[in-house]
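**Student:** Sequence:
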Amino acid sequence: MSDHSDRAGRGATWRPDVRLALGNLLFSTRFATIWIAMAALLVICRIAAPSVLSSASWSSLLPLGSVVAIVALGQMLVIMMGGIDLSMGASISLLANVLVGVSKGSDDRLARAIVVVFVVAAVIGLVNGLLVAVLELNPLIVTLATSLILLGITSEYRAGTANNSSVPDNLSDFVFAKVLGVSKTFWFVVALTLVLGLLLRSSAVGRRFQAVGANRRAAWMAGFRVRLYIVGAYVAASIGAGLAAIFIGGIVVNPGVNPGASYLLGPVAAVVLGGAALSGGLASPASTWVAAFFVTLLNQMLKVLGLTNASQFVVFGAAIVVGMLISGDRIAELIGRLLLRPSLRRYIDGDDEAEPRARPATQLDHAVSRQT
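Quick note on my numbering: the sequence shown kicks off at 454 and runs consecutively.
What the hints contain is simulated information worked out from the structure, not anything from laboratory work.
Everything numeric in this text was worked out from a predicted model, so none of it was measured.
Okay, derived cross-link-like pairs now, DSBU-like style, lysine-lysine, Cα gap no bigger than 35 angstroms in a straight line: (1) Lys756 x Lys637; (2) Lys557 x Lys637; (3) Lys557 x Lys756; (4) Lys557 x Lys631; (5) Lys756 x Lys631.
Could you build all of it, start to finish, from the sequences and the hints given here?
**Tutor:** Structural data, given as structure tokens:
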């Protein structure tokens, strides 16, 4: 009897550790794929297009990749709510031209222009958020309609105000200035990613935000202000678009009529490749940041290899599809199914005679319990 009790005691101590380790593995696997893909892409670039990794190339890649990362992080917040914002490209185009039109190329007017950009961005996000959260309209259709409206406003505004203006010199100097030999823009986005990651994982607001995205009904029953979090996600995404517009203005000096066209689908692809769950709830700012640079580096490599625009679109699209097929989301689902096999569950439980549980915890249950 005592031997049996000792074995039972040792098993009870051992089993939770195994379950915890497997739960951590299941949770982290979804975000590991993009890191592996990024390492593989760097190796391919080193072999097939070494000029892409030259210091001269990185001087332009880092600011451009940082802009993609900003937009991707904003898009990530919306996708965490189970939505999508297709108006971010058009928002960037309008806000970049507002920056130019208000500043009129004067350094003295730069601060005022930046404030106006963020105010307009917040209004755009507020409209999108209210339409989606309060009126419960489809986010895909709503943000697509908003995009068309914003493009029309941009064309009219640019023709009347911003057509012959450029951004102030101080903004361009800041964007291309370097710290430790690396663009300030890059360091700024690194800091933004770290802060966002800490807020989502370590703050009560961040954990509630993820809980709302994972299960709105359960969050509402728990007393969370669901609509407020959804509206906040769209406002934050639009403010991210405003920040991206400011950096784009500093990079290109005169933004043109539609500088945001290149920042529509790329950031969405970065969020998906970064392991975010399209159903909402789960995402990693660090993996999204890496995925943004993956998208930027892949695009640059295709240009250096001399592919035609048509071929670039084909290869780029195929790479995104393959990335989604082997994404961390699908790998985590596969591992989860394997762990639910009766033989593995009996091994994990440490009892060959044990019956499988009637309702094993799902991947989402583990994720939500770890975050809340």
